[in-house]
Amino acid sequence: GAVVSQHPSRVICKSGTSVKIECRSLDFQATTMFWYRQFPKQSLMLMATSNEGSKATYEQGVEKDKFLINHASLTLSTLTVTSAHPEDSSFYICSAPSGTSIGAYNEQFFGPGTRLTVL
Amino acid sequence: RKEVEQDPGPFNVPEGATVAFNCTYSNSASQSFFWYRQDCRKEPKLLMSVYSSGNEDGRFTAQLNRASQYISLLIRDSKLSDSATYLCVVMGNTDKLIFGTGTRLQVFP
Numbered sequence: 205g206a207v208v209s210q211h212p213s214r215v216i217c218k219s220g221t222s223v224k225i226e227c228r229s230l231d232f233q234a235t236t237m238f239w240y241r242q243f244p245k246q247s248l249m250l251m252a253t254s255n256e257g258s259k260a261t262y263e264q265g266v267e268k269d270k271f272l273i274n275h276a277s278l279t280l281s282t283l284t285v286t287s288a289h290p291e292d293s294s295f296y297i298c299s300a301p302s303g304t305s306i307g308a309y310n311e312q313f314f315g316p317g318t319r320l321t322v323l
Numbered sequence: 023r024k025e026v027e028q029d030p031g032p033f034n035v036p037e038g039a040t041v042a043f044n045c046t047y048s049n050s051a052s053q054s055f056f057w058y059r060q061d062c063r064k065e066p067k068l069l070m071s072v073y074s075s076g077n078e079d080g081r082f083t084a085q086l087n088r089a090s091q092y093i094s095l096l097i098r099d100s101k102l103s104d105s106a107t108y109l110c111v112v113m114g115n116t117d118k119l120i121f122g123t124g125t126r127l128q129v130f131p
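Chain order of the listed sequences is A and B.
Quick note on our numbering: the first sequence kicks off at 205 and runs consecutively.
Quick note on our numbering: the second sequence kicks off at 23 and runs consecutively.
Source of the hints: derived by calculation from the structure; they are not laboratory data.
Note that the structure is a prediction, hence the values are computed from the model and not measured.
Heads up, the beta-carbon is just placed ideally off N, CA and C, and yes, glycines get one too.
Be aware that one or more of the hints could be misleading.
The calculated DSSO-like cross-link candidates involving lysine-lysine, where the alpha carbons are at most 30 Å apart (straight line), are [unchecked claim]:
no.: 1; chain 1: B; residue 1: Lys67; chain 2: A; residue 2: Lys268
no.: 2; chain 1: A; residue 1: Lys270; chain 2: A; residue 2: Lys218
no.: 3; chain 1: A; residue 1: Lys224; chain 2: B; residue 2: Lys64
no.: 4; chain 1: B; residue 1: Lys101; chain 2: A; residue 2: Lys259
no.: 5; chain 1: B; residue 1: Lys101; chain 2: A; residue 2: Lys268
no.: 6; chain 1: A; residue 1: Lys245; chain 2: B; residue 2: Lys67
no.: 7; chain 1: A; residue 1: Lys245; chain 2: B; residue 2: Lys64
no.: 8; chain 1: B; residue 1: Lys101; chain 2: A; residue 2: Lys270
Quick list of the computed label-pair ranges, beta carbon to beta carbon [as the list claims (entries may be wrong)]:
no.: 9; chain 1: B; residue 1: Gly31; chain 2: A; residue 2: Ser213; range: 38 to 48 Å
no.: 10; chain 1: B; residue 1: Arg98; chain 2: A; residue 2: Gly257; range: 45 to 55 Å
no.: 11; chain 1: A; residue 1: Lys268; chain 2: B; residue 2: Lys101; range: 17 to 27 Å
no.: 12; chain 1: B; residue 1: Lys67; chain 2: A; residue 2: Phe243; range: 35 to 45 Å
no.: 13; chain 1: A; residue 1: Lys268; chain 2: B; residue 2: Cys62; range: 30 to 40 Å
no.: 14; chain 1: A; residue 1: Lys268; chain 2: B; residue 2: Glu37; range: 43 to 53 Å
no.: 15; chain 1: B; residue 1: Lys24; chain 2: A; residue 2: Pro316; range: 36 to 46 Å
With these hints in hand, go ahead and build the complete structure from the sequences.
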């Protein structure tokens, strides 16, 4: 099946630094990718929709200047957490629709996630 | 009110037991419904889609009641490997997925 990779899988950084997370679709092209964040014992929350060749669409309450998204190619989207603070520590997961339909649903595949810890 | 609500559990059941999870959603315009499974510190993986007619995949049965905006998942003959968090997921007319907080299942020997 379709595979989505993320890099790095884990990152620990100091407060105030910026962290870049990459999401790649390995065997399919994705014009759209989604970025989620999951805090402990909470649900995955959609942060933004990454669109190849155009600006990302951010969900309400997500600061676009803090979470920079770039979708430079059909197989790569990056999320940069700028000036990270301890409250940004979370599990960040991307997903991409595979183009394979299940009924009316365009099946999505998730990356393995990136665990960010900001000290 | 959350868009997708689930009982967080945990549900602790012995091997071989039957266990049922419920989920309610608030947006009546939602079009697609799913159960995902998430293991600790891993990404979610699609378990099954949910249809109004109900659908079954081996030991797993999912049901959707659109009138009540209610989704269920039944697991029969629980295995130790079924221990995980089960996420109820709803989608509107875009590809955006709305996740519930998940119901944690622990199957013990």
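Is the hinted range of 43 to 53 Å satisfied by the C-beta distance from A:Lys268 to B:Glu37? 48 Å, holds
Has the hinted range 17 to 27 Å been met by the Cβ atoms of A:Lys268 and B:Lys101? About 44 Å separates the Cβ atoms of A:Lys268 and B:Lys101, which means 17 to 27 Å is violated.
Do the Cβ positions of B:Lys67 and A:Phe243 conform to the proposed distance bound of 35 to 45 Å? 20 Å, violated
Check the hint pairing B:Lys101 with A:Lys259 against an upper bound of 30 Å on the C-alpha distance. Roughly 45 Å separates the two Cα atoms, so the pair is violated.
Can you tell me whether the CB distance of B:Gly31 to A:Ser213 sits inside 38 to 48 Å? 27 Å, violated
CA of A:Lys270 to CA of A:Lys218, is that 30 Å or under? 16 Å, holds
Would you mind confirming whether the straight-line C-alpha gap from B:Lys67 to A:Lys268 stays at or under 30 Å? Satisfied, since the Cα-Cα distance of roughly 28 Å is no more than 30 Å.
Is it true that the CA of A:Lys245 sits at most 30 Å from the CA of B:Lys64? 13 Å, holds
Would the pair A:Lys245 and B:Lys67 pass a check requiring their Cα atoms to be no farther apart than 30 Å? Distance of about 17 Å is within 30 Å: holds.
Cβ separation of B:Arg98 and A:Gly257, checked against the hinted range 45 to 55 Å: At roughly 47 Å between Cβ atoms, A:Gly257 and B:Arg98 fall inside 45 to 55 Å, so the hint holds.
Is B:Lys101 within 30 Å of A:Lys270, Cα to Cα? 43 Å, violated
Between A:Lys268 and B:Cys62, does the C-beta distance stay in 30 to 40 Å? 31 Å, holds
Figure legend: structure checked against the earlier numbered hints; hints not met, in rising order: 4, 5, 8, 9, 11, 12, 15.
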